[in-house]
Amino acid sequence: MSLESSPTESLPGKPEPAVDGPWNRVHPASPFVRGWVALAAVGFFFGRDAFERMLQGRDFLDPNLSGRVPWLLAGGAAVLLLTVGGFILSWYFTRYQVAAGYVRVNTGFLFKQQRQARLDRVQAIDIVQPLLARIFGLAELKFEVADAGESAVRLAYLPLDQAKQLRATILARAAGAVSGPETAEEIPEAPEHVVLSVPPSRLIGSLLLSEQTIGILAGAAVVVVVSVLTQNQTLFLALIPGVLGIGAAYWNSFNKGYNFTAAISPDGIRLRYGLLDTQAQTLPPGRIQALMVTQPPLWRIFGWYRMHVNVAGYGVSGSSEGAARTMLLPVGMKSDVLRMMSLVLPDPGVEDPERVFTAGLDGISSVGAESTPGDGFITTPRRARLLAPLGWRRNGFFATRTALLIRSGRWWHTLVMVPHQRTQSMALHQGPWARRFGVADLVLHTTAGPVSPRVFQAGVEQAVELFDQQAARAREARKRQTSEQWLAQVAPQSPEVAATIPAQPAQQQQLADPTQAQTSPQQEDRHDG
Amino acid sequence: MHTEAIDPPGVQWLRVSPKYVTVRLVEWAIGNVVMLAFLSLPLIFVLLGWWRWPPLWLAITVPAVMLVLALWRLVLIPRQVRAIGYAERDDDLLIRRGIFFQRTMVVPYGRMQYVDVAVGPVERSLGLCTLKLHTASAGTNAQLPGLPSAEGARLREQLSARGEARLAGL
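Residue numbers (the working numbering), protein chains in the order written: chain E, 1 to 529; chain P, 1 to 170.
If you're looking for bench data, these hints aren't it; they were derived computationally from the structure.
Take these hints with a grain of salt, some might be off.
Unchecked claim - Distance condition first, Cα-Cα at most 20 Å in a straight line; then the derived EDC-like pairs of lysine to aspartate or glutamate:
| hint | chain 1 | residue 1 | chain 2 | residue 2 |
| --- | --- | --- | --- | --- |
| 1 | E | K164 | E | E189 |
| 2 | E | K479 | P | D91 |
| 3 | E | K334 | E | D362 |
| 4 | E | K142 | E | D161 |
| 5 | E | K479 | P | D90 |
| 6 | E | K142 | E | D277 |
| 7 | E | K334 | E | D375 |
| 8 | E | K479 | P | E164 |
| 9 | E | K142 | E | E189 |
Unchecked claim - Covered, in the sense of this in silico footprint (three residues per stretch, anywhere, with C-beta under 8 Å from a C-beta of chain P), are these stretches of chain E:
| hint | stretch |
| --- | --- |
| 10 | 326-337 |
| 11 | 461-468 |
C-beta: ideal position from N, C-alpha, C; glycine also.
Please model the entire structure based on the sequences and the hints provided.
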């Protein structure tokens, strides 16, 4: 962002003429990096025959082949030429442009596609480097707007520096820091401050103690017992594919979670991770729709937690890629969780956030909780303890001024947080059993993702009250939200980040005094975009 | 209809058209007749002596149970239709449904991305329509079936206008 360099140019008082940037092309090698699978498949197809022949001790080439060699060569050359030609054409016709309010991408030469994504709708922006691209120093830029499924814009591949530059440009323009005709080269990357990182030992430990391991141990025990009982050892052979699959799953988690680093910058939360394929995500402030902290039973030994988020555009976590992208923290101590919480929700809306979050993470109300609400969480009433014999003292909710906290799970501790202005719609559910016990569930609807907020078995009176109040709170929070541009609303965590905040041009009148923006949390969430 | 326990206090529910019962009856008939015919095939085959398995009691029980369930659902239809209700408040739309499994939903106008009006063949012949509200969340499964066409059109215009006035981003 050109924060220090040219604040006068981007002041809202002087509207600049919307001059679109030039059209650019991606790196020429990108189709080959992307299509290497196709090339490898062709190579494999032709190579395998020769290889098998060699293994069998025969001639390297089929002796019958000699007559057909010219044809084969011609055919192979034609295939190769077509592929390479296709690559070159697809490269030539892929162009992108950063315009005043939009990013435009043109692709295709037979079926042309023109895509235009609004910058003020940017939900997240990722830089992905698969192994091969990393070797060549290339990176893919993914740009999400609020539409589940496909990324709005995928630029594969750009040189890494250029990708970072483009990310900075898009974020700066989306934040409203830059509205003039600056080209991509003039906007420096926003400074960032590393907040936490996950050491590899903890990652390995967390994988070994995950639910997956419990499942595997249980499965292994069953197999051993069955094989002893039936005296059938061939059963173990049948396990080999399973073992391979499990190994692959562990490797995948390790590969994705390795070297996980979270940082804060005026652009938002930056997440970096990956061993072979690296990925750098940027979540602009206020784009997180819902957040979930979970703790599997075995993680309690070391006090570890993991965090997931819903971000519009990331979509469902069905694929492994989606699962990795919705991960805000693969494993962390409680202090890490609290720090991430403070990044996601700069204003927790309570006086003692640490106590409240701790109660949400690990708290359980005492048996006589109805009369003395100890930690503030309103739990399932005692009359419904038969419905949830384990969880009734744990299931509960707590509404702060800015977010709703929902905790559940006696063994799998879960804490869900939904900022009030992110609530889409709500529903109260009550089945026949719940009616019998006088309880109801409250479901908050958010965008697609791993987090599905639901208050389990709240007492009917409290549930209806919450339903009404929550509708009002969400309404109030939405009214305060004035702009899609999130400029200068992140509470700075370090002096070097803080130093940039006053340099940013004041986009909204309320923020004319930068010190006021930092001292008053209410002020900040007013333009929580 | 009296206000159920989970409904917010002081809400005046508007009901959908009683003619919607007919739509539900037609849907019920199509679904259940096909299902029952399919499940009765073994019985017919056993009676005709073509099949030795399943035994006669099982061949009778399965369709009989299905028939009882279907009839029970049939009896419930008018009550279910009466249980559907909606209320326009200043800033949001309330929708409720269900007798055994009740649901009360609130959809803020500012959150609505678009509003659909769908009309099926049976609904059209009765002059009804179904209104669907969409927010950014797939979980918002807000449907209002069995609205008279005029009311559906009015509601659509009204909701769009109010949504525009209170439009918020995500």
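Hint by hint, here is what the structure shows:
1. K164/E x E189/E: Answer holds: K164/E to E189/E is near 8 Å, not above 20 Å.
2. K479/E x D91/P: 11 Å, holds
3. K334/E x D362/E: 10 Å, holds
4. K142/E x D161/E: Distance of about 15 Å is within 20 Å: holds.
5. K479/E x D90/P: The hint holds at about 14 Å.
6. K142/E x D277/E: 15 Å, holds
7. K334/E x D375/E: 18 Å, holds
8. K479/E x E164/P: Holds - the C-alpha atoms of E164/P and K479/E are around 14 Å apart, at most 20 Å.
9. K142/E x E189/E: 17 Å, holds
10. 326-337: violated (count 0)
11. 461-468: With 4 residues closer than 8 Å to chain P, the stretch 461-468 of chain E meets the three-residue bar; holds.
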